[in-house]
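Assemble chain W onto chain F, guided by the hints.
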Amino acid sequence: MRGAGLWQLGQSITRRLAQSDKKTVARRYFASEAELKKTVLYDFHVAHGGKMVPFAGWSMPIQYKDSIMDSTLNCRQNGSLFDVSHMCGLSLKGKDCVPFLEKLVIADVAGLAPGAGTLTVFTNEKGGAIDDSVITKVKDDHIYLVVNAGCRDKDLAHIEEHMKAFKAKGGDVSWHIHDERSLLALQGPLAAPTLQHLTKEDLSKIYFGEFHILDINGAHCFLTRTGYTGEDGFEISVPSENAVDLAKAILEKSEGKVRLTGLGARDSLRLEAGLCLYGNDMEQHVTPVEAGLTWAIGKRRRAEGGFLGAEVILKQLESGPPVRRVGFFSSGPPPRSHSEIQDDKGKSIGEVTSGGFSPCLKKNIAMGYVKSGSHKAGTKVKIVIRGKAYDGVVTKMPFVPTKYYKPA
Amino acid sequence: MASRLLWASRAASYLRISVFHRGFASVVKDLKYLDSHEWVKVEGNSATVGITDHAQDHLGDVVYVELPEVGAPVSHGSSFGAVESVKATSDINSPISGKVVEVNEELNNSPGLINSSPYDKGWIIKVEVSNSGELNSLMDADKYTKFCEEEDGSH
Numbered sequence: 001m002r003g004a005g006l007w008q009l010g011q012s013i014t015r016r017l018a019q020s021d022k023k024t025v026a027r028r029y030f031a032s033e034a035e036l037k038k039t040v041l042y043d044f045h046v047a048h049g050g051k052m053v054p055f056a057g058w059s060m061p062i063q064y065k066d067s068i069m070d071s072t073l074n075c076r077q078n079g080s081l082f083d084v085s086h087m088c089g090l091s092l093k094g095k096d097c098v099p100f101l102e103k104l105v106i107a108d109v110a111g112l113a114p115g116a117g118t119l120t121v122f123t124n125e126k127g128g129a130i131d132d133s134v135i136t137k138v139k140d141d142h143i144y145l146v147v148n149a150g151c152r153d154k155d156l157a158h159i160e161e162h163m164k165a166f167k168a169k170g171g172d173v174s175w176h177i178h179d180e181r182s183l184l185a186l187q188g189p190l191a192a193p194t195l196q197h198l199t200k201e202d203l204s205k206i207y208f209g210e211f212h213i214l215d216i217n218g219a220h221c222f223l224t225r226t227g228y229t230g231e232d233g234f235e236i237s238v239p240s241e242n243a244v245d246l247a248k249a250i251l252e253k254s255e256g257k258v259r260l261t262g263l264g265a266r267d268s269l270r271l272e273a274g275l276c277l278y279g280n281d282m283e284q285h286v287t288p289v290e291a292g293l294t295w296a297i298g299k300r301r302r303a304e305g306g307f308l309g310a311e312v313i314l315k316q317l318e319s320g321p322p323v324r325r326v327g328f329f330s331s332g333p334p335p336r337s338h339s340e341i342q343d344d345k346g347k348s349i350g351e352v353t354s355g356g357f358s359p360c361l362k363k364n365i366a367m368g369y370v371k372s373g374s375h376k377a378g379t380k381v382k383i384v385i386r387g388k389a390y391d392g393v394v395t396k397m398p399f400v401p402t403k404y405y406k407p408a
Numbered sequence: 001m002a003s004r005l006l007w008a009s010r011a012a013s014y015l016r017i018s019v020f021h022r023g024f025a026s027v028v029k030d031l032k033y034l035d036s037h038e039w040v041k042v043e044g045n046s047a048t049v050g051i052t053d054h055a056q057d058h059l060g061d062v063v064y065v066e067l068p069e070v071g072a073p074v075s076h077g078s079s080f081g082a083v084e085s086v087k088a089t090s091d092i093n094s095p096i097s098g099k100v101v102e103v104n105e106e107l108n109n110s111p112g113l114i115n116s117s118p119y120d121k122g123w124i125i126k127v128e129v130s131n132s133g134e135l136n137s138l139m140d141a142d143k144y145t146k147f148c149e150e151e152d153g154s155h
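Note that the protein sequences, when read in sequence, are chains F and W.
The first sequence begins at 1 in this note's numbering and counts up by one.
The second sequence begins at 1 in this note's numbering and counts up by one.
Hint data in this document are derived by calculation from the structure and do not stem from the laboratory.
Any given hint might turn out to be false.
Restricting the straight-line Cα-Cα distance to at most 30 Å, the calculated cross-link-like pairs of lysine-lysine (DSS-like) are [claimed, not checked]:
| hint | chain 1 | residue 1 | chain 2 | residue 2 |
| --- | --- | --- | --- | --- |
| 1 | F | 154 | F | 315 |
| 2 | W | 146 | F | 51 |
| 3 | F | 362 | W | 146 |
| 4 | F | 380 | F | 403 |
| 5 | F | 403 | F | 200 |
| 6 | F | 388 | W | 121 |
| 7 | F | 376 | F | 388 |
| 8 | F | 37 | F | 93 |
| 9 | F | 315 | F | 362 |
| 10 | F | 406 | F | 396 |
| 11 | F | 347 | F | 315 |
| 12 | F | 38 | F | 51 |
| 13 | F | 362 | F | 396 |
| 14 | F | 388 | W | 126 |
| 15 | W | 146 | F | 388 |
| 16 | F | 51 | W | 143 |
| 17 | F | 164 | F | 93 |
| 18 | F | 51 | W | 29 |
| 19 | W | 146 | W | 121 |
| 20 | F | 345 | F | 51 |
| 21 | F | 363 | W | 121 |
| 22 | F | 315 | F | 51 |
| 23 | F | 93 | F | 103 |
| 24 | W | 41 | W | 143 |
| 25 | F | 169 | F | 154 |
| 26 | F | 363 | W | 126 |
| 27 | F | 362 | W | 29 |
| 28 | F | 299 | F | 169 |
| 29 | F | 380 | F | 363 |
| 30 | F | 126 | F | 167 |
| 31 | F | 406 | F | 380 |
| 32 | F | 167 | F | 205 |
| 33 | F | 51 | W | 121 |
Just chain F, same shape as in the assembly (with noise of 0.2 Å):
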């Protein structure tokens, strides 16, 4: 869900008081409302008073009845349904799929067991941040991954390209894009006992990351225990025939405590939970490192490298990269991307790349890039707003607690 910017996206649904700004939004954003792409749920959003607004190429809904901050609060106390259908899901098959893969991006994928998945970046060759993405291996031969909807184009290039150089030579990989299924994300505490009234499998036995074939509501679905909100949850690749049905069963199921929720809380929620927005927060300019993911890269890639930009990357993981993605709590009007950062003596020291008011927390949180050295959790900075610095501090992430679903 990331990619076009979901700060200007709520200033393109709300009237902009500015009369200027107005114009520039309502040109950049409504021109081209005719041409914008629809999921199988379009009628069902409407229906159920979706406000739909333009997003990568998709009409989607920001929000519904609920406002931002009573949907974000839903979704941490019961559960929020959200369609993610503009995402890209896509599987790679062959028997050389997992080595295929391996140079594209940072995560040990021979590594991982069959059915189990981790978040990863695709880096380019100065190790900058094509697109981060959860992969799953099925099995040894089967690798299924979902990709954000505004990078959909150039991360499909740039996966083409490489698969025919690695077929010219031999390589035995080939590549289904699954516009033929709808994507659903059940997320929050009720999110596993609503799916278990649908599904004959013991969700119980699913943890975080890991995947299943399994049948939901009737339907042929791909199940990943993972979500963008810090929650327990689930997404739901489902055939898209039966989408709607299997919407419509998930929220009966659960006596409507859990909510259908819009782009808008669906971005409080993942910055509460600290986790990046590409376009954002990770850009072509931005290694793992920098952006906090250093994690995500494999024991054995560190050793070994072999993916694209590995010398950068490798080296900034024995030297420190010059710039770190931090949190911080502030007061005064809540950061937005873009934000000056400057240290305690007013020098400028970086700049915010998310931030907003925590509905969770009633505070402002916000995350962003300083200079390392300024990146220890306590240190006092100022947050520039309209010509005006306010008293900020770094602080570690998660915001909020996450609440992924671990074995004991």
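Below, chain W alone, put in the same frame as chain F:
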């Protein structure tokens, strides 16, 4: 409560109607309106300024209001502060030129007053008017209602 909500959303889905639109937001008769969705109420030489119900409805939960200093000059159509909702920042423009004589300090602790009471407890500043002629360029309630309808329709 839960079952009522479920019923409501089910009914909406069968009828294929949207239950989101609550009709047009309220507009107060005796106020004057700027096209960037601020209102002004003039009593003698003093004017009270706030944002409209329509504006607060589109903004969503207001979490912070940036107020000007007492004594600061404001001018017609120009920004004097900002309101922040969970997801968006919006400038607040003054419908009228003059000098700030009072700011609503309550908003520092309770920015949500903008949502719950946009025309009363959620007022933002009081201004000593320097050019009452500017009032003629503002919209009255009827015109502003129509303006909001058109703006909603075009999106």
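Contradicted hints - numbers only: 3, 9, 15, 20, 22, 27, 31, 32
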